[in-house]
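**Q** I would like the entire structure built from these sequences, with the hints used as guidance.
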Amino acid sequence: MSFFVVDVALPVPLRRTFDYLPVSDDPISAYQPGQRVRAEFGRQLLTGIVIGTRAHTEVPHNKLRPLLQRLDDEPLLGERELKLARWLSDYYHHSPGEVLEHWLPVMLRRGSDPSEANDRHWRKASLTATAPVLKGAKQQALWAAFDGKTLISHSELTSAGFTLAQCRRLEELGLIDEVSALGVPPVPEVNQPPLALNDQQQQATEALTACLGSFKASLLEGVTGSGKTEVYLQLIDQVLEKGKQALILVPEIGLTPQTVRRFRERFAVPVALMHSGLNDRERLQAWRQVREGKARILIGTRSAIFTPMPEPGLIILDEEHDASFRQQDGLRYSARDFALIRGREEQVPVVLGSATPSLETLHNALSGRYLHLKLTRRAGKARPPGMKLHSILHQPLISGFAEPVIQAMHKHLNQDKQVLVFINRRGFAPLLACRECGWMAECRRCDARMTLHQYPPHLHCHHCDAQQPTPLQCPDCQNPQLDPIGQGTERLEDALKQMFPDVPVKRVDRDTIRSKDAFDHLLDDLAQGEPCILVGTQMLAKG
23 MSFFVVDVAL PVPLRRTFDY LPVSDDPISA YQPGQRVRAE FGRQLLTGIV
73 IGTRAHTEVP HNKLRPLLQR LDDEPLLGER ELKLARWLSD YYHHSPGEVL
123 EHWLPVMLRR GSDPSEANDR HWRKASLTAT APVLKGAKQQ ALWAAFDGKT
173 LISHSELTSA GFTLAQCRRL EELGLIDEVS ALGVPPVPEV NQPPLALNDQ
223 QQQATEALTA CLGSFKASLL EGVTGSGKTE VYLQLIDQVL EKGKQALILV
273 PEIGLTPQTV RRFRERFAVP VALMHSGLND RERLQAWRQV REGKARILIG
323 TRSAIFTPMP EPGLIILDEE HDASFRQQDG LRYSARDFAL IRGREEQVPV
373 VLGSATPSLE TLHNALSGRY LHLKLTRRAG KARPPGMKLH SILHQPLISG
423 FAEPVIQAMH KHLNQDKQVL VFINRRGFAP LLACRECGWM AECRRCDARM
473 TLHQYPPHLH CHHCDAQQPT PLQCPDCQNP QLDPIGQGTE RLEDALKQMF
523 PDVPVKRVDR DTIRSKDAFD HLLDDLAQGE PCILVGTQML AKG
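The sequence shown lines up with residues 23 to 565 when you count with the numbering used here.
Treat the hints with care, since some could be wrong.
As the list claims (entries may be wrong) - Computed cross-link-like contacts, PhoX-like style, restricted to lysine-lysine with a CA-CA straight-line distance of at most 25 Å: (1) Lys410 with Lys171; (2) Lys105 with Lys146; (3) Lys238 with Lys105; (4) Lys396 with Lys238; (5) Lys528 with Lys439; (6) Lys105 with Lys160; (7) Lys519 with Lys433; (8) Lys316 with Lys439; (9) Lys266 with Lys105; (10) Lys160 with Lys171; (11) Lys157 with Lys146; (12) Lys160 with Lys146; (13) Lys396 with Lys433; (14) Lys403 with Lys439; (15) Lys433 with Lys528; (16) Lys410 with Lys439; (17) Lys264 with Lys238; (18) Lys316 with Lys264; (19) Lys171 with Lys146; (20) Lys157 with Lys171.
Unchecked claim - Derived CB-CB ranges, DEER-like: (21) Glu287 with Pro88: 47 to 57 Å; (22) Ala166 with Pro526: 34 to 44 Å; (23) Ser137 with Gly158: 53 to 63 Å; (24) Gly196 with Ile363: 33 to 43 Å; (25) Gln66 with Met521: 16 to 26 Å; (26) Gly315 with Pro553: 40 to 50 Å; (27) His385 with Pro88: 51 to 61 Å; (28) His385 with Pro523: 44 to 54 Å; (29) Glu314 with Met521: 17 to 27 Å; (30) Lys160 with Gly74: 55 to 65 Å; (31) Glu62 with Lys157: 53 to 63 Å; (32) His115 with Phe25: 45 to 55 Å.
Don't read these hints as lab results, they were simulated from the structure.
Glycine is no exception: its CB is placed at the ideal position from the N, C-alpha and C atoms.
**A** Below you can see the structure in the form of structure tokens.
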């Protein structure tokens, strides 16, 4: 067998790849770009990505190490993904191995087999001919769940209240068998027909539809309530008719469930979801569903931009101006900018939607580089809200509220309505200071001022994400009286609970909306129409 080395990208902070000898007896044909391998690097055992093979190396042969294991028979990443990863590495001056990690879910980075995403399924045993006699209402109900179905996922049964032990009991009786299959998102029953478009929406939809099949960047600039989402939906309908997939990026994890709900009500295709609130297995499962073409629509936050799609047809960034599309540590990328690069490489249109576009996007649209589409009117019968501006000059403030504002809240709550209080500052107070010597809590890592949080008590830097315990006294003069200065969502929540003790007060920010279901449950509660007060950051304003 002729000599060759395998070029491997490893997740280490070095802007280069590394040469390794192949696993013993492996031919050169066994290695393809995009496969995962296990390799020794110093004293570490790392999972790397094959970049290629070659017959020559500058490394002395006695210094070459053999790979420990070839993890995949077929590549997990294709030529297109590897090319995009090279662009990211060059543009952001980042290690190629660490860039490639972003294209894989955590379980695959650790060397797990992709089949670990498979969901447990149950099916009726083929020899079952007559209805069995079962003891217990639960067993009977479980057996009845298989009526008219050949295969049911275990997650579907557990959500219906059945346990693994009950399934095992039917398996012991020879009534059902366990099988393993990649879970496919359920295809919903479509119950929301397309809405009638106004002339501006119709023109925007026709212009964007004409871009399908090739790369074109477009800005859909529309005032709040102008119906941008309906334009997205009708455009995606055209993409699905062509047998292609659509990627929709949203800035906040909290927006994802309501977006998914609307899309699932509209399209009779599997919709996958990807964001940081999923556990590792769920992320791997969603990744496989999209990569294998089983899910036709992917909705996610910024990291979803790295998901391979075999049949890409459209990329949409909603609220393209939002800072959440920028990664602030590690690989410091802009999901918006990379979406444009990916769209150009895959020859699919990229739609940037916003009521307040970023200056870069607006400049590109006004200069003719992007297609510029405007929605200046609210869709349907929506009307702009009435607004009153209250001056706080010469007025005492009660916990940050002027008296007319408190009276307005009382008025609406007495009418069984809901009140939204918006403050774009999470935490209890944006500053903790000593009035004796002027000390202020500053981040030891980046020198930014730290925000005081009370639930749980700590200081948090919203710039670099560093955290510190809350000091019991001033570190400079030992004054035990430290003052929180300014208002945050936590402080307003406490104040509103004291002002309105009989009214539920709900806080909506990144500290309270962490799980994939939290925002969905909040929306369900609000839909009941019960009077309440919502206090939150921009997440509340977007929702």
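**Q** In ascending order, which of the hints set out earlier in this document are inconsistent with the structure?
**A** Numbers 1, 2, 6, 8, 13, 23, 24, 25, 29 and 32, in rising order.
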